[in-house]
Every structure is written in C-alpha cells, then in structure tokens.
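K.L.:
Here's the letter readout for the chains.
Number of protein chains: 2
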Amino acid sequence: MSELKKNSISGKLIILNTERSKRCNEFLKKQTSCMNKNQYEKDCPLCLGNENMTPKETFSIINDRKKWIVRSIPNKYPILTSEKNTENQKDNFIHGEHEVLVESNKHDANFYNMTSKEFVYIIKMYVNRYKELYKDNIKYVSIIKNYLMKAGASLEHSHSQIISMSIVPPTIKEEITNARNYFNENNSSYFDEMLSNKNNIFIENKFFYAFVPENSSYGLEINIVSKYKSNFEEINEDEIELLSDILMKTYKKLKEVTGHLPFNMFLHTLPKDDEDNLKYYRYHFHIIQRKWFFGGFELSNGIYVNSIDTEKLIEKLKNKKN
Amino acid sequence: MSELKKNSISGKLIILNTERSKRCNEFLKKQTSCMNKNQYEKDCPLCLGNENMTPKETFSIINDRKKWIVRSIPNKYPILTSEKNTENQKDNFIHGEHEVLVESNKHDANFYNMTSKEFVYIIKMYVNRYKELYKDNIKYVSIIKNYLMKAGASLEHSHSQIISMSIVPPTIKEEITNARNYFNENNSSYFDEMLSNKNNIFIENKFFYAFVPENSSYGLEINIVSKYKSNFEEINEDEIELLSDILMKTYKKLKEVTGHLPFNMFLHTLPKDDEDNLKYYRYHFHIIQRKWFFGGFELSNGIYVNSIDTEKLIEKLKNKKN
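Here the protein sequences line up with chains A and B, keeping their order. Just so we're aligned: 310 in my numbering is position 310 of the first sequence, and the numbers increase by one with no gaps anywhere. Just so we're aligned: 127 in my numbering is position 127 of the second sequence, and the numbers increase by one with no gaps anywhere.
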C-alpha cells in the first residue's frame, strides 16, 4: 500500500512504500568500495605539504608545530564570483564568493571516523568563514558538504564548501514559509514540536537534538537542530562544543546502522536580517545519505518514493551505543 | 561570470556558469564502463527464455516464430498498487498500476544502438499500455526510462516503466501553469516559439522536433516535441513511425557528441480530460543524460548549476551526420 504525504518543512510530496525496499539492484551488488587508504596522497591538492597546488588560503587554524589543522581556500572553479569581477553587469547577474574548507590535514580522515575535537575545528572554521563572507551585498551564505562521488564530490579529501550569494535560495524561502504556516496551524513551531514529542529524536544535549524527519524525500535523512536559535551566526563557544559532539555521535551511529555511505550535509539558517520569522525557525543541518539515485520517476513527476521504515530506523539509531 | 535564469517550462532556477565545466573530477577518472556484452544472460529476468522469472505478461508483440519482441509485465515491487488491494483505505492513499516494459529480447540492445524499427515496437508498446492503464479512476499515466545505475536503473536489460496514478503529478501541473503563463505573456505557445525560431532545433520532421532547451537544470537535456498534439493518447500510426525515427537519430547523435552516458527519458503529456490547456501545451519527451551527480548545492538551495555551453552543444548536434 502506498501513502501520499507532504513533508511539513520542504513541502515536497512523497510516496511512502516500504515494500519497495525489498527489490534487488544488480548494479549495487557489483559496486566496489572506494575507501581512502593513506594519510598523504602526493596528487591531492588538499593534502598537507601540497599547498602549492591551491590558491592562497583565506584562513586556517594551526597546531603547536605551526602546521595547519584546517584551512580555507578560494574555489578554483567557483559557482559564483564577486561583484567586482564583472564589468558589464547584467540584470540577471548573481554574485558571491565560493571557498573550499579543508577539514583535515589527513587524506584518510572523514566524518565517520573523526573525533569530537576534530569536529570543533571544522565548526569553528564554518563560523569564521560564514561571518567573513556575509558581506553587505550578500543575502545568504550556504555551507554544504559532498562526501564521495555519488553525493556530488569531485575530490576524495574531506572538505566542505561555503558559498555566499546575492539572493535567498528558493528552498530557504519555502522552508520559512512552511514553518510559518505550520506555526499558524499548530500554534507551535515545527522544531519545538519535534523536540517536545521526542519520538524521532535519537540523541539530545543541552543545545541540540538529532532526529529522523518524517516524509523525507531522500529516505535516509537526519536533521541536527539548534534548540533555541534561528541564526547560525549567533552560535557561541559552548554550543560549538556540543554541536561537534552531536555530529561525531550521529556519524558514528550512522556508520553502524546504515553504513559508510556517500552523503550530503548542509546548513539551513534564517537569513541575517529576517526578524519576522525568528519564532518559527531554528537553524539546522540536513544530513542525507545517498544510497539510491533519483531516477525518472522522481525527475518526471516531482514526487519522491520513500521505502524506508522510519520507525525501525529510529529504533536502531536509539539502541546503538557509542 | 554567473547568470541566474529561470527555465520557462519547469520554473526552476539555474545558475549558468560555463567556467565550472573545466574542473576535474578524481572519481570520474577512476570510473570504468559497465557495458553489456552478451545477447543472453542466464540470471537476467528480462531475457528471452527467462519468462518464468517474471510475473505473467500483460501484453506483447511477437515475431513470425511466435517469440516476443517486446513485452510488458507487472512490476514485482510496484511504487503504486491498485485500489482493490487495500481494504482500509486511508485519506492519503494513492493508487495506480506499475508495469515494466521489456524493450528488446536481447540483453545487449540499448537506445544508443537500436534501429528505427526497434523503436517502433517500443512506442507501440507505450501507446498500448498507456491507453490500457488510463482507467476511470486514474488522473495521469507516467512513462519513464532509467538507463544504467547513475540514472536510477536497477536492472541492465533495456526497459521502461509505466505507472498510472490517481493524482496529477506536481511537475505536470507546474509545466501546464508555466506554459499558460508563457502564452499569456508572449501571445504564442512556448512550444510553437521553439519551433518557429529554430535556433535550438537539431532534427525536425513532419510531426516532431528535437531541441536543446535553454536553462535546463540538468545540463545535458534534449526535448522531443509533438508539433501539433497535446495528448499522447492521440498519436497515430504515421506519427509513431516518425517519433521512432527521431528518437533513433537523437540517440545516435548523443552517442557521438556527448557519449554513451546513463540517461533518463520520460513523457510529459496533458492529462486526458484537460480541455482548457490544449493550446498552451504539446506532449514531449525529456531526455536527460546523467553525467554529473546532484550535490549539496542543488539539494540545499534548490538552484541548479548548468556549466554546459548550450550554443556549442547545439552546433555539434546539428553538424553530426547520421
């Protein structure tokens, strides 16, 4: 039996049908794992010692021996470029900056094996670059991470991307509208509801909770949500510690329960000057494991098929010890 | 420089940035091709001689030796099931039927190497199943094809899927709305405009044209459009011949110009009883070659990055001989 559902926050339609998870996939059987092996790869532009292969860094955190632990560099092939780079500015010109955040000086580090301390460096980097790139003419700063090719990555070495832009992206506008509508219908914010009913939460600390959203377009999706804040720029030192801890624990659990899969992670936050929507919205990270490929059904119809048994997945994530 | 554009028909936002096509991809270098080799595979449920591995066929076209050339079977793991299969019908229940169309009795046949005659059998099968599955309680019938794993396929053997459903999908509603808005703004239908300005058309015959749409979310996209008809159900024998011919020629050109890539193909047609929108809309096939994987930028922001130089692509498609 198939149910048609609408995700409360993305507004996307999905068909829930757990029977379909039983079908086999000839191709998946044939896939081989492409795990990283060495701490250093001589051809990798993001490895420690290969700094001459990249543009000059914009920021870094260094260790006692004056070597960088994490660093940011301009993207060589930016999706957006800054305003001054264009002389004949068209009406439909969109501008911004695009940096790559190198998340570790080790080629074999990844989110599934990092310590809480390593996540602290990454989040500090996110905060620094987020604030630095949020300039006057910028409407939104997007932090995204693609891990492995199936998730859109073009380099193996662990990295994120940060892109400032002169518009608010459509998904953010839609999430805010849907969150406001949810509040008006339920007299409570979607994110506070998730927190108070607790059913789908599998880790919680003083400032954050990690939960499995209902009716995800992607099947394997986790959201990590700030309990009290709408704008990422307001994160403080104590929160950075606990965000890093919940990220580390979430990836450990995912590795045990669903496996070392390709994933995307991205931050969704209220834009800086949006005072009107503070009570409806909380900043959060989406983590989407990319087990499947969207096929013609999704592209053609704009309806996503979710064959995951959410209750069972939550049960497994709750039971696993760290 | 990046331009922000909106696709006239899908309504999706894209960033045009041809510079980004220059970036290299570590993973793509390592990929190996997974071409089919044999006419018959003993483990393939869709091969001639292996009919006992599938449910009973619903339709077939047979040759002089009474063997099937193309056939349709119920999908073993359907996205939707018919109304009668559920006793406790919920409000949000969605129903329909889901068949697999086996497009050839040879395991090594694919759209890049098929003859025009082979396409005729496939289109006849599409028409037969489309009409058969469009029952009273059905609002739309979706024909989709996934070729190779990156495009969402789970079986190698060439096949399409046909899914009838009790709703009109969101993308179809949006396309119709956008086509109507285009007509009201331009006093002419989008599809007729494409036909009359001819710039992006690389093959044309009496009933159909093949063109590269501007501002595609996918980069490598081709549309094959009916010149005069809005509803696929009205296709006649002469049109089937010419649709098959333009499909064969399009895939030959794609193979030469962009390569033997994974792709999705799907039909978009006006729903059966929609009399109001006839003049705005033409039924068409989208062909989307899946060279890249959508990453976090697209998922997070709902904006697609197109790094293809459309003019150059059209030039190449026009110049190639068949």
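One should not assume that every hint holds.
[To be verified] Beta-carbon label-pair distances, calculated as ranges:
hint	chain 1	residue 1	chain 2	residue 2	range
1	A	Glu256	B	Lys76	27 to 35 Å
2	B	Phe93	A	Lys279	58 to 66 Å
3	A	Lys67	B	Lys318	23 to 31 Å
4	A	Glu311	B	Glu204	49 to 57 Å
5	B	Phe93	A	Pro170	28 to 36 Å
[To be verified] Stretch-level coverage of chain B by chain A, calculated; a stretch enters the list once three of its residues show a Cβ under 8 Å from a Cβ in chain A:
hint	region
6	3-14
7	72-83
8	135-146
9	149-163
10	169-182
11	228-239
12	257-269
No lab work stands behind these hints: they were computed from the structure. We put the CB at the ideal spot given by N, CA and C, even for glycine.
K.L.:
Determine for every hint whether it applies to the structure shown.
P.N.:
Checked hints:
| no. | hint | verdict |
| --- | --- | --- |
| 1 | A/Glu256 <-> B/Lys76: 27 to 35 Å | holds, 31 Å |
| 2 | B/Phe93 <-> A/Lys279: 58 to 66 Å | violated, 35 Å |
| 3 | A/Lys67 <-> B/Lys318: 23 to 31 Å | violated, 55 Å |
| 4 | A/Glu311 <-> B/Glu204: 49 to 57 Å | holds, 54 Å |
| 5 | B/Phe93 <-> A/Pro170: 28 to 36 Å | holds, 30 Å |
| 6 | 3-14 | holds (count 4) |
| 7 | 72-83 | holds (count 6) |
| 8 | 135-146 | holds (count 4) |
| 9 | 149-163 | holds (count 10) |
| 10 | 169-182 | holds (count 5) |
| 11 | 228-239 | violated (count 0) |
| 12 | 257-269 | holds (count 5) |
In this structure, the hints that do not hold are numbers 2, 3 and 11, in rising order.
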